[in-house]
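Participant: Next come the chains, spelled out residue by residue.
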Amino acid sequence: MKNRGWLFVIPALAVLAISAFIPLMTVINYSLHYIFAGSTPTFVGFENYVEVLRDSAFLRALVRQLVFSMGILAVEVPLGICIALCLPKRGPGVAVCLVLLGIPLLIPFNVVGIIARVLTQSAVGVIPEFFALFNYSFNVAKDPVDAFMTIFLLDVWHWTPLVALLCYAGLQAIPDAYYQAARIDGASAWKTFRYVTLPKLRSVLIIGVLLRFMDSFKIYAEPLLLTGGGPGDATTFLSLHVARKAESYNLGYAGASSFIYLFIVIVFSYIFFQLMTHIGKGETK
Amino acid sequence: MWDWIISNTSWMYWTWQSGLAIGGLFAAIAFMGIWDAVSPSVARKGFFPISTTRGDRFFIGILSLITVFLLWLGIVGSTALWVPLVISVAWFAVEGVWG
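Those sequence lines, one after another, are chains A and B. Residues 1 to 285 in our numbering are what the first sequence spells out, letter by letter. Residues 1001 to 1099 in our numbering are what the second sequence spells out, letter by letter.
None of these hints come from the bench; they were simulated from the model. Some clues are possibly wrong.
So the derived list for chain B, only partly shown, Cβ under 8 Å to chain A, looks like this [said to hold, decoys possible]:
#1 1005
#2 1008
#3 1010
#4 1012
#5 1022
#6 1047
#7 1050
#8 1063
#9 1066
#10 1074
Ranges of calculated distance between the beta carbons of each label pair, as one might list FRET restraints [said to hold, decoys possible]:
#11 B:1030 x A:109: 35 to 43 Å
#12 A:92 x B:1066: 52 to 60 Å
#13 A:102 x B:1083: 52 to 60 Å
Each residue gets a CB set at the ideal place from its N, CA and C atoms; glycine is no exception.
This is chain A alone, in the form it adopts within the complex (with noise of 0.2 Å):
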């Protein structure tokens, strides 16, 4: 073997490999049985993944979260690039803003959920007392879009603070030398950003949107403490769904469907790689 490095990489790869293969076998074999706690389990094959694939429960749940993820990565993404060129470059005020940026990411996803559900209560709350200014009577517990909202915009209080700051070392790291010779070319701001900044930021954004994505699908500590993944199942995330059927003893279930939902954040973080590592590949080079 040509480089040796491999070799000191084995442990740690063999660790993964067992604490990863371990419980992902464990749910998929959970997911090939009829398994209750207590019960003795009974090999049925596919009929979990039939059922699971059939019940409009669970196909509610995975729209809503393709609605969900797809939203926050088309809000967080280029609202993390504008805080980001809009960071001082130096100077004292930087370190504030960092610190102002990262207090969000020091919050616990549960004081998330509780923080907006004391905002949003409808006898207390702030926010239902500023919609009453404008005769809107705001509701998480009986509106299915406040609900939905309030989470959605939660979540993008939450994270965009990471994008910006993935995106603001991203723009560290770009040589003041493209810039001069985009303004020696006379090249707009618009496209200074369009040809030097974006392509530049590739790498950074590629992380910053496969976390956001993945990250996305796991939310379930905000929407189960403010609203239980009401009203009706207006924010019963896929997480949620999961669950629920994992606490009533349906083990079987559980597990096609939390394969199911692995396999969904596998393929969509696989396609969004592979276009962000190829849209526009020659004009870094």
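Since the structure of chain A is already known, use the hints to place chain B on it.
Facilitator: Here is chain B on its own, set in the frame of chain A:
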């Protein structure tokens, strides 16, 4: 040793079907690894809109196989599973050679 492994992994509810599937997958990955070490793959452009290596096409093939099975299970049910298997194998061969 084998008995010890069996008794200590019984909680995972292994079946021969899942063992065969995962064993086949690992064997295929190992084979691809050895093949690549012996004869390194070069990315090339086929009918996919991106240039792909052997490993990429293998990965896309696995994803396609699972997609075909899930679509079949959702639309038709768990009968005549040889149909999605034939479709998957045919697609695997097509995209492996011309993809």
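Participant: Which of the stated hints cannot be reconciled with the structure, identified by number in ascending sequence?
Facilitator: Per hint list: 1, 2, 3, 6 violated.
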